[in-house]
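Chain order of the listed sequences is H and G.
Following our numbering, the numbering of the first sequence begins with 1 at its first residue and continues without gaps.
Following our numbering, the numbering of the second sequence begins with 1 at its first residue and continues without gaps.
I should point out that these hints are in silico values taken from the structure, not numbers from a laboratory.
A couple of the hints might just be wrong.
Derived pair list, reagent style DSBU-like, types lysine-lysine, alpha-carbon separation capped at 35 Å [stated by the list, open to error]:
hint : chain 1 : residue 1 : chain 2 : residue 2
1    : G       : 207       : H       : 270
2    : G       : 305       : H       : 52
3    : H       : 270       : G       : 67
4    : H       : 74        : G       : 43
5    : H       : 270       : G       : 346
6    : H       : 270       : G       : 438
7    : H       : 52        : G       : 455
8    : H       : 52        : G       : 207
9    : H       : 52        : G       : 78
10   : G       : 289       : H       : 270
11   : G       : 78        : H       : 270
12   : H       : 270       : G       : 216
13   : G       : 72        : H       : 74
14   : H       : 52        : G       : 98
A few chain G residues that don't get close to chain H, going by computed Cβ distances all over 12 Å [to be verified]:
hint : residue
15   : 100
16   : 272
17   : 279
18   : 454
Even glycine gets a Cβ: it sits at the ideal position worked out from N, Cα and C.
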Amino acid sequence: MKSEKKIKSVSYAKWGYIFILPFFLTYAIFSVIPLADTIRNSFYEFYYSGLKAIGPNWVGLANYTELLSADLPKYAWNTFVMWILGFIPQIVIALILASWFTDARLKIHGKQFFKVVIYLPNLIMASAFAMLFFALFSNAGPVNNILLRMGVIGEAVRFMESTLGARTLVALMNFLMWFGNTTIMLMAAIMGINPSIFEAAELDGCTHFQKFFRITLPQIKPLLTYTLVTSLIGGLQMFDVPQILTGGQGSPDRTTMTLIMYLNNHLQAKNYGMAGSLSVYLFIISGILCAIVFRMNTDSDPDGSKFAAKRAKAAAKKGGGV
Amino acid sequence: MKRRIMSIALAALTILGLLSGCGGGGGGNASGGAETEAGDGGKVLNIYVWNQEFQGKFNDNYPEVEKLSNDKSITYLKDGTEVHWIVNPNQDGVYQQKLDEALAKQGSAPADEKIDMFLVEADYALKYIDPDVNVALPLSQLGITAADVPNQYKYTLEAVTTADGEIRGLSYQATPGMLVYRRSIAQAVLGTDDPETVGAAVSDWDKFYETAEQMKAAGYYMYSGRADTYRVYSNNVSAPWVDGSTVVVDQSMMNWVERSMQDTQEGINHNVPGQWIDEWNKDMGPSSKVFCFFLPAWGLDVCIKPNVEGTDAAQDWAVCPSPQSFYWGGTWLIAANGTDNMSQVKDIMLKMTSDRDILNSLAVNNGEMSNDQPLMEELAQSPEFGIELLGGQNYLGVLSDAAASISLVNVSPYDQGCTEEFQNVFGDYFNGKIDLEKAKENFATAIGERYPELKSGGVRWPE
């Protein structure tokens, strides 16, 4: 009797804590402490002049206001423009491909092969990819050579020296790298739609376009929003491609300078104060975006039934009014 | 019970493993971390460099070299010492960044990981020889005096002499510049490739541009891009880049801007956006239409030779004086404070910069203008000294006067940043993307980012 009681009181909960302890320790050492350090640095004037340290001197919010009044909005705009230029074709192409690949009526051969091929650019390191484009589109590079030989252009196009050219190249690379990934995510979403809905629609004489716009799109809306927000967060961190393509200059006229490239400039100058406050801005923006994703994922209305009910109610009210 | 002990042990191991990764890294001393005493007898000699140039010259000429490792990253000396080469590229300040990090850890690093020697360029030598940061050992501490290097060009010593009267580096080269031109184009346009006649055709800027018009009319480009003429203007400034915390742009720099704009628009240069890039290399290659380059002696071996080796243009070159004298670069060997290989560092520095045989070999085999004034003057007169690339021409005759007149009084510790940013920013202007005012504004922004201490002082432009 006694021993039985003892066994009952054994708690296994502590093992749980012990086993997750390593994670929390690593997280604290590699994430929380640096994060706190960054925030602390952001309130100081702290940089190196040559090999001599200047500061840290407490300056309050001076770094923050200086960033806002100076260049931060411009670089945020650059980042946004290059992201949207890449994201629009990415989502459009991915939607088209995903609906083709999942369409039961279209019998596409070698689906697996294509899925692998479109995903491949994502496997290349972004900086290597940018190096490749840098060589391809340089003033004396193969693209110019081919165009010149074919007589399409009279003299070499200086792609990287115009705002449009440089931004388009960055967007093109981002598009190429990510459309495969998006396609596969969207395919998963589309395949999750109940096929009987499509069958019913077809029986009713629904066209391809109607099927796509009336069934597929509304059904995968949560995933589309998820893709949008994650891509936005990824876009916010855009760095390696424009950095390599423009040699860190954000040329021409700093129009391809992204937020993280700007951050990197401060880090290269060992200006920890400014870099800290810029990081805090980025942290806040990313935090807001993450909160949006989190809210979506913990949606109380996962299948849209509540929304549909609401709309029906509203429609009924409206109908009643007439 | 057994299982319990086992799991505790495992958990403890995991945690230990995690923690051990973080130990020992807490160096990071703001003043450069040079509190340690320099020592002797270390088995590993770490040398920081930005390319393989010095490494190759060392491996070929230093008498104590025994063999190289397969990847050439380690040179084994006869006494068993390993020379480790740590290479980081110069561009965008990468080399300085890595060097700074390593120097900051110098105090806490184990003996074999300490930097023993590093190389600096004229553009940022002042940053490292500053007695306040104290990362460079004065030569007197190594036991070297000026009397040990009597033949070196005076400017190479003056450039690294600090306010306290100590010399903190030695150089193996002198870097006066010259005009390197293509014989075939000179033949086609000027009717001769004789250095005297071509020299007369470019003896000052007016004549240079008269010749340039002829080149243009014949379908050639006079020079490659604005970066080529940059040094000719930037070496002829009247004051250093930085005065207190203000960046001062010299009139000479604005002359460069104006002239480069005109040359770019008129097609006198090939509008290549920089140096050390693919297009620049192609312009030196066999099928290029570019007539001349502004280069010091080292440029023959480092820049031109690799692009023409084994082609028709391999000997299609000759040199004559530049319309305006200039120098470019210059590498100094510096003993790092905290080295544990004092006597070896001393020996390498002395041998590589003042041993007559080695300097002679550098001149003969590498087309280097070595840092030995009497030797260079002797070679300049020697009919046997000529290099293949130049069709046997003796370029030292062109350079030896210029070398004696180099002065580095107008350099500042900020030269690399100012040079890079100035060229980058005005590149957009030359391409017609922005106007002059915007370019000036961008230059101020770029400098403020790169050197926060100069932000408050702003940029002063000439009237």
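Hints, verified against the model:
Among the hinted pairs, residue 207 of chain G with residue 270 of chain H is inconsistent with the structure: their alpha-carbon atoms are about 46 Å apart, more than 35 Å. For the suggested pair residue 305 of chain G and residue 52 of chain H, the alpha carbons sit about 40 Å apart, so the restraint of at most 35 Å is broken. Taking the CA atoms of residue 270 of chain H and residue 67 of chain G, the gap is about 39 Å. The hint is violated against a cut of 35 Å. The hinted pair formed by residue 74 of chain H and residue 43 of chain G fails the criterion: a straight-line CA distance of about 53 Å is larger than 35 Å.
Restraint check for residue 270 of chain H and residue 346 of chain G: satisfied, since their Cα atoms lie roughly 33 Å apart, inside the 35 Å limit. Annotation: proposed proximity of residue 270 of chain H to residue 438 of chain G holds, straight-line Cα distance about 26 Å (limit 35 Å). About 16 Å separates the Cα atoms of residue 52 of chain H and residue 455 of chain G, which keeps this hinted pair within 35 Å; it holds. Between residue 52 of chain H and residue 207 of chain G the CA atoms are separated by roughly 47 Å; this puts the pair beyond 35 Å, and the hint is violated.
For a cut-off of 35 Å, the pair hint linking residue 52 of chain H to residue 78 of chain G is broken: about 39 Å separates their Cα positions. Between residue 289 of chain G and residue 270 of chain H, the direct Cα distance comes to roughly 43 Å. Violation of the 35 Å bound is thereby established for this hinted pair. Among the hinted pairs, residue 78 of chain G with residue 270 of chain H is inconsistent with the structure: their alpha-carbon atoms are about 41 Å apart, more than 35 Å. Restraint check: the Cα-Cα separation between residue 270 of chain H and residue 216 of chain G comes to about 46 Å, which exceeds 35 Å; the hinted pair is violated.
Taking the CA atoms of residue 72 of chain G and residue 74 of chain H, the gap is about 46 Å. The hint is violated against a cut of 35 Å. Of the pairs offered as hints, the one joining residue 52 of chain H and residue 98 of chain G holds, with about 15 Å between alpha carbons and a cut-off of 35 Å not exceeded. A cut-off of 12 Å between C-beta atoms contradicts the statement that residue 100 of chain G is not in contact with chain H; the least separation is 6 Å. Once the 12 Å rule is applied to beta carbons, residue 272 of chain G is inconsistent with being away from chain H; the minimum gap is 8 Å.
Distance check for residue 279 of chain G against chain H: the nearest CB is about 5 Å away, which does not clear 12 Å, and the non-interface claim fails. In this structure residue 454 of chain G is not separated from chain H by more than 12 Å, as the shortest Cβ-Cβ distance comes to only about 9 Å.
Checked against the numbered hints above, the structure breaks hints 1, 2, 3, 4, 8, 9, 10, 11, 12, 13, 15, 16, 17 and 18 and satisfies the rest.
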